[in-house]
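Residue numbers for the sequence shown follow our numbering, beginning at 1 and rising by one.
Don't read these hints as lab results, they were simulated from the structure. Some hints could be false.
As the list claims (entries may be wrong) - Here are the simulated distance ranges between beta carbons:
| # | residue 1 | residue 2 | range |
| --- | --- | --- | --- |
| 1 | E219 | P76 | 15 to 21 Å |
| 2 | K130 | A200 | 36 to 42 Å |
| 3 | R121 | R71 | 46 to 52 Å |
| 4 | E15 | R121 | 43 to 49 Å |
What the hints assert, rightly or not - DSS-like mimics (lysine-lysine), calculated; alpha carbons at most 27 Å apart, straight line:
| # | residue 1 | residue 2 |
| --- | --- | --- |
| 5 | K68 | K80 |
| 6 | K135 | K114 |
| 7 | K132 | K80 |
| 8 | K28 | K57 |
| 9 | K111 | K132 |
| 10 | K113 | K57 |
| 11 | K111 | K73 |
| 12 | K28 | K113 |
| 13 | K113 | K68 |
| 14 | K57 | K80 |
| 15 | K111 | K135 |
| 16 | K57 | K106 |
| 17 | K132 | K68 |
| 18 | K28 | K73 |
| 19 | K130 | K106 |
| 20 | K113 | K135 |
Values in this document were obtained by computation on a predicted structure and should not be read as measured data. Each residue gets a CB set at the ideal place from its N, CA and C atoms; glycine is no exception.
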Amino acid sequence: MALISYQNVDIHQQEAIVLENVNLSIEKGDFVYLIGKVGSGKSSLLKTIYGELDIHKGQAEVLGYNMKSIRRKQIPALRKRIGIVFQDFQLLIDRNVHDNLDFVLKATGWKSKKEREERIREVLEQVGMKTKGYKMPHELSGGEQQRIVIARAILNSPDIILADEPTGNLDVETGYHIVELLRSIRDTGSAIVMTTHNIALLQAYPGRVYCCNNHQIEEMSEQEIPSEISNSSDDIQDETTSNAEPDKTSETNQ
Numbered sequence: 001m002a003l004i005s006y007q008n009v010d011i012h013q014q015e016a017i018v019l020e021n022v023n024l025s026i027e028k029g030d031f032v033y034l035i036g037k038v039g040s041g042k043s044s045l046l047k048t049i050y051g052e053l054d055i056h057k058g059q060a061e062v063l064g065y066n067m068k069s070i071r072r073k074q075i076p077a078l079r080k081r082i083g084i085v086f087q088d089f090q091l092l093i094d095r096n097v098h099d100n101l102d103f104v105l106k107a108t109g110w111k112s113k114k115e116r117e118e119r120i121r122e123v124l125e126q127v128g129m130k131t132k133g134y135k136m137p138h139e140l141s142g143g144e145q146q147r148i149v150i151a152r153a154i155l156n157s158p159d160i161i162l163a164d165e166p167t168g169n170l171d172v173e174t175g176y177h178i179v180e181l182l183r184s185i186r187d188t189g190s191a192i193v194m195t196t197h198n199i200a201l202l203q204a205y206p207g208r209v210y211c212c213n214n215h216q217i218e219e220m221s222e223q224e225i226p227s228e229i230s231n232s233s234d235d236i237q238d239e240t241t242s243n244a245e246p247d248k249t250s251e252t253n254q
């Protein structure tokens, strides 16, 4: 059964249509890229998956939840099964790496200190940051911070990881390392959905590709993928809204 199934879904930001007639199906172990110009709807699509944007038209199911009729009180349980990786990290700057991770575990119901400590150790080792637990965020490089964000996203062994431009603020080599890390997590059974403007990543690390363009989304074959994505000044709506701070529920259930 698909982890994410959308049929004829329309997505809005406020009153404006962002994407219409969205059809997609994502299964366990998929690595899916979302590409498209700035403002084409990539981030808005991710927001519908974790319940930040409502869906009013079409059929949408995520991890067994009907996203048209899901209740607000059900969203924390949904988000516990979804890991979210933000481009701008959104680490808590007043506490170290260990305490950032411990904050999320406490917020998502982990009562045992021993179990929390063991899980923090496991995820830091998985992302290659096992010696960085007591570093403050400002003491880490951009690539290291993104690895910590990925560690935060996998704390609850999510079925789905949503990565919104995770390489956008990183140099090319570091960006490649981040994608390699996400692919290794995919190999443990999670589905990865990643937005990007970097076509070279798709060529180096092939996966399924959906392109957002002119309010439509379609899956592309390798031959159909454009050589580059150019942005125009009038394509800004989705990105400006997507970079707004998430609500507290979203932040604590990554």
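Results for each hint:
| no. | hint | verdict |
| --- | --- | --- |
| 1 | E219 x P76: 15 to 21 Å | violated (31 Å) |
| 2 | K130 x A200: 36 to 42 Å | violated (30 Å) |
| 3 | R121 x R71: 46 to 52 Å | violated (35 Å) |
| 4 | E15 x R121: 43 to 49 Å | holds (48 Å) |
| 5 | K68 x K80 | holds (19 Å) |
| 6 | K135 x K114 | holds (21 Å) |
| 7 | K132 x K80 | holds (24 Å) |
| 8 | K28 x K57 | holds (25 Å) |
| 9 | K111 x K132 | holds (24 Å) |
| 10 | K113 x K57 | violated (44 Å) |
| 11 | K111 x K73 | holds (21 Å) |
| 12 | K28 x K113 | violated (31 Å) |
| 13 | K113 x K68 | violated (37 Å) |
| 14 | K57 x K80 | holds (25 Å) |
| 15 | K111 x K135 | holds (24 Å) |
| 16 | K57 x K106 | violated (36 Å) |
| 17 | K132 x K68 | violated (41 Å) |
| 18 | K28 x K73 | holds (25 Å) |
| 19 | K130 x K106 | holds (20 Å) |
| 20 | K113 x K135 | holds (20 Å) |
Hint violations for this structure: numbers 1, 2, 3, 10, 12, 13, 16 and 17, all remaining hints satisfied.
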